[in-house]
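Colleague: Okay, here's what each chain looks like letter by letter:
There are 6 protein chains.
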Amino acid sequence: MPQKTKTVAKKRSIPTKHAPLAKSGKGAPAHEDDVKFMALDIPRGKLSESLTAYFAKCEEKLGYVPNVLRAYGFDTGKLQAFVDYRQELVQNAENLSKLEIEMIATAVSSQNRCFYCITAHGNAVRQLGGPVLGEMMVMNYRAARLDKRQRAMLDFAVKLTTQPWEVEEEDRARLRRAGFNDRDIWDIASVAAFYNMTNRLASATDMRPNSVYHGQAR
Amino acid sequence: MPQKTKTVAKKRSIPTKHAPLAKSGKGAPAHEDDVKFMALDIPRGKLSESLTAYFAKCEEKLGYVPNVLRAYGFDTGKLQAFVDYRQELVQNAENLSKLEIEMIATAVSSQNRCFYCITAHGNAVRQLGGPVLGEMMVMNYRAARLDKRQRAMLDFAVKLTTQPWEVEEEDRARLRRAGFNDRDIWDIASVAAFYNMTNRLASATDMRPNSVYHGQAR
Amino acid sequence: MPQKTKTVAKKRSIPTKHAPLAKSGKGAPAHEDDVKFMALDIPRGKLSESLTAYFAKCEEKLGYVPNVLRAYGFDTGKLQAFVDYRQELVQNAENLSKLEIEMIATAVSSQNRCFYCITAHGNAVRQLGGPVLGEMMVMNYRAARLDKRQRAMLDFAVKLTTQPWEVEEEDRARLRRAGFNDRDIWDIASVAAFYNMTNRLASATDMRPNSVYHGQAR
Amino acid sequence: MPQKTKTVAKKRSIPTKHAPLAKSGKGAPAHEDDVKFMALDIPRGKLSESLTAYFAKCEEKLGYVPNVLRAYGFDTGKLQAFVDYRQELVQNAENLSKLEIEMIATAVSSQNRCFYCITAHGNAVRQLGGPVLGEMMVMNYRAARLDKRQRAMLDFAVKLTTQPWEVEEEDRARLRRAGFNDRDIWDIASVAAFYNMTNRLASATDMRPNSVYHGQAR
Amino acid sequence: MPQKTKTVAKKRSIPTKHAPLAKSGKGAPAHEDDVKFMALDIPRGKLSESLTAYFAKCEEKLGYVPNVLRAYGFDTGKLQAFVDYRQELVQNAENLSKLEIEMIATAVSSQNRCFYCITAHGNAVRQLGGPVLGEMMVMNYRAARLDKRQRAMLDFAVKLTTQPWEVEEEDRARLRRAGFNDRDIWDIASVAAFYNMTNRLASATDMRPNSVYHGQAR
Amino acid sequence: MPQKTKTVAKKRSIPTKHAPLAKSGKGAPAHEDDVKFMALDIPRGKLSESLTAYFAKCEEKLGYVPNVLRAYGFDTGKLQAFVDYRQELVQNAENLSKLEIEMIATAVSSQNRCFYCITAHGNAVRQLGGPVLGEMMVMNYRAARLDKRQRAMLDFAVKLTTQPWEVEEEDRARLRRAGFNDRDIWDIASVAAFYNMTNRLASATDMRPNSVYHGQAR
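Residue numbers (the working numbering), protein chains in the order written: chain A, 32 to 249; chain B, 32 to 249; chain C, 32 to 249; chain D, 32 to 249; chain E, 32 to 249; chain F, 32 to 249.
None of these hints come from the bench; they were simulated from the model. Among the hints, erroneous ones may be present.
Just so you know, same-sequence chains aren't split out, so a pair can sit in one copy or run between any two.
Said to hold, decoys possible - Pairs of lysine-lysine, BS3-like flavour, derived with a Cα cap of 30 angstroms:
id	residue 1	residue 2
1	Lys67	Lys179
2	Lys92	Lys77
3	Lys190	Lys67
4	Lys179	Lys109
5	Lys129	Lys179
What you are looking at is a predicted structure, and each value in this text was computed from that prediction instead of being measured.
All chains should be modelled from the sequences, with the hints used to inform the complete structure.
Modeller: As structure tokens, this is what we get:
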């Protein structure tokens, strides 16, 4: 197995570049979703040193560890693989902006009505694109007055979510006409596919978003 | 970042334990699906040494590199993350048999009508559970006369695929009544969720299964 | 025609009993949704005196006139009929709390993915039931940990929204078992039916919620 | 509250302009649907004088009171609001013919499979447009050989019924190209939305159409 | 063409046992549906002697030849096979009454929104079971107050129409509990399956029902 | 039973022209699907002489009698009508090749997820068009790189299967533009309609395909 290089490790994003949080979760009385963050009771193993440090950095910078990480964290190998995969497949998209990635994540999660993911990524869209855009991604992305590029991107991601069997060459051609290259198509598909996965893991386990998300960037 | 241990590396499965392949893909005139294995044209980077070795081992043992790996292989980081994630989330399931994992993969992929994944995992079910079971997973898993445990497992995986928003405590309770523990529920959900991801990436890119799969274990 | 009595007039709610608004819309630079609040360009007639007064009271107490009223307001007769009908069919529900009415409105609107109505009624749920409950109604009402009564109420309202042709005696029986009487069933049905109407009028006209809603009661 | 003027009262239509009824309901032995006209048992209040007179006029001119009015009639305020709202939102459509309004009502109700509303409005289409057109609206409006205007009108109304979240500017543009102005779009949407409401109230309460409708205008 | 023996010919039902037709189609000015009865223009071959006689008997007894027979009649072999198959699969049902067969035919056709078949079989239900039952089968069979046997029969037929892939042993068991034996289950399935075929042939060719049906048995 | 003339008997296809079977079913230990080939227990009558001979010829040439014939065979009249109807409606298609008929049969059966029919007709496509084409028809016909004619043919057949109520003149026009005449449209519709019937009869009775099919033409 290839050893992970430092370079890769550095690229892993802790969402610190977001606008300063409006309301910290620190010190607040815990919401039940922060205590019982999933419906499964699984014996918890020991986190690796690097992941322990990662959690500590989250606590320090954000005031909380995202519950999805706590959920995966019963097994350090699974958590590490999740973090790496998300980095590579989602965050390393070449030409998609951070906002565009979060728009896809939210629109996809809205189709699947995943409470965890809509909450977390809707928050990210609000932080990066403003509160009204965030709400539109949550409720009905068609309500947003998007340019041709972003509309084509979301139409593709949503069709891939609801009728993947009908995605064909014409769908890719429309993305190309909207200015995307083939690598971008891979990236859009990767992001949409990734959240179709996390939506289902979250729904299967009744995963709960950190309550602090609800109030941020409003 | 945690260093991958040798132990983990050893657990990574190259599907060699399968029954001897009925027809080798080696030397056969290539099917078009083996040449143009996806609809995207993306500049290809250099594979890491370990992945280069992994590809060589595939060629040696199987006579081919699975096209999904060739597709991801334009970027060594993405491919490595995919291989690791699949190992951790799918193949490290604690109490699910290899056959059960492939049954979930095939039934999920059938719902999403993903040509690549139905082909590849339908083949795996045939290898591990016989040709008729494989065909049932491909066509309609309800046709199989399964025991209570496996039927509950597939009902959960398929509901998670088609209506994830309706998965609730009663669905988990049914799995528990069928003999699964909470860790197993996580594993079933992980496998179903993982293939909901790969189905969509394959459909978005018109990924093509190695043609050799079609004739195996018939 | 019966003359509307003063008593009825007094019952008409201007939503002043809500918790004090976190952020007033007054004086803020207008969001485009507040300017172009629907996609139709219809000649505007003169409002009756009483409705003119009603608008003034909205401005005074809320800082804005809800856009749905401005949209209907091209015709004073239609607006008056809408306000009366909403009063009688929705707000005069006998045993449903204001919160329960808003929960139904939001869950129904979420099924129909109506940007206007999810926004307006999601805000109302937040005001009356707290921010997290509001978000759950917006995203997936099944995520809320409701008592038997409220869950039965929402299941009925949502089924009536998505498959009204399958609502039968057993559905009414379940409401009765959850403690509702026949008048309550009428009221639940009325509220759900009413928002199935407004959702469609809003979607047909691309009606836009007052932007101030987005930030309230977070 | 605005006082309803005589003018408005006069505009309220009792369906007397319809072709002479082929078969009167008067004196006939009652069908069970005329006796038990809804599944809810709600204490009945006193009708206002004007509504009492309205019911008497229905009996005199039609030989029956439409069951939807009897159903609402447990509460005089609700009934009055319903009658007024229907007048303003449906019957006051500016440029839609009575037949077109009933075509929308029937096509919408057919999508929702509402026994009451399909029966009542299918009858009205037969009265105004002939028996075969009525049956087509009931069964599949696409079977009717309509002109471009009426086809666009029904396509819009039906899409608004089944996928309101996908109604966008292009849908309005198609109506405009078919000759409708923005006020007409409001009216088409209002009528479609109104029957999406009554369909659901009727289905929720198992409301039964007056049996006399079935034989009329055949 | 094999010659049908007298025995078979006698079994073939010309719907003469129906209640006397309320309105004959004879002599009436033809409705366009009676002239252009399908959208395909296919060269017409010569009918066999026995089928020519069959058409003559239809004209004599009914005043018209059902348009489905005229449609198939471009090829005498196809028509004969259709008539025989309908006789064997539908009309030779052992324990289903003629009314029950027509109820299944109408409820199935209503799901598929087939103008031809809903019209023809809705008429038959009216003739055999009264006008209101006919309308219920057309609009929503759930509105009919059926006994346990007939409700189970229709639920099975409709599920087989809309989700055949989910029909399993429990569905057959429910029919058995309602008093049906295994031969009856075959017959119910045959009738439902047959009309799923004719619905699609009629929809594909825009087949038009004889206009006389619309007015009968009202 | 009418006696089939030699002429008709000769036209009836026993699939002997297929490529030599890779694996005979003869002598092999029976799979459970070959023993209990449907879930209904119906008293079996006596087969006509000609059908007895037909079964014998199947045994001799194929090594088995197709289970669908054994299922119908409880009643010689039904079986004969089925065989004749299939001959006339499916096999006598004028300009469709045998392969095209089987492609329609398989794509339709795949939509309905019918284990029996996908298996039997998927096998036929493999025999006539190669193993990969067969698998594509089973899994997702859109994965096949078809010419305009065959793609239009399958799109029509699948739409007729899933949304027959939306098939209109434009759908027929597309077939004509792809080179089909009106008789061909009838034939395509007949084949698609026929398998919509058999799919449902097979699903209703849990009919099981001969196990030998699974291994053929791989």
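Colleague: Failing hints, ascending?
Modeller: Violated hints: none at all, because every hint is consistent with the structure.
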